[in-house]
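J.: Sequence:
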Amino acid sequence: MNALSSVAVKFAAYLCTIDSPDIANDYLKVQSLQEIAALIGTTSRHLNRVLQKWTEQQIISRTDDMIHIKDWQAIQEISEDIRFV
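Be aware that the sequence shown starts at 0, since it is given in numbering that gives the first Met the number 0, and climbs by one per residue.
Quick caveat, the hints were computed from the structure, so don't treat them as lab data. Fair warning: there could be bad hints in the mix.
In silico SDA-like pairs for lysine to any residue, Cα to Cα no more than 20 Å straight-line [as the list claims (entries may be wrong)]:
#1 LYS52 - ALA73
#2 LYS69 - GLN57
#3 LYS69 - GLU55
#4 LYS69 - LEU50
#5 LYS52 - SER5
#6 LYS69 - GLU79
#7 LYS69 - CYS15
Put together the whole structure using the sequences plus the hints.
T.: As structure tokens, this is what we get:
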């Protein structure tokens, strides 16, 4: 993972890395945005800004602890083919 990548790229790469058939109907239950933020090297506040922008762009929708990924193709493009190993 490139340390200079944007938070959007890092989070999209994270989502693509964890993508599996276990994610039913493209819904992802979020345990802790703070943990995800720490994993990708940012703050939960900055990650929330990215999520808000993606919500406005209709890439995702959010409820309390769920993220519905509406446009996987957009997430894959944002990730720039970067994956966590």
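J.: Which hint numbers doesn't this structure obey?
T.: none
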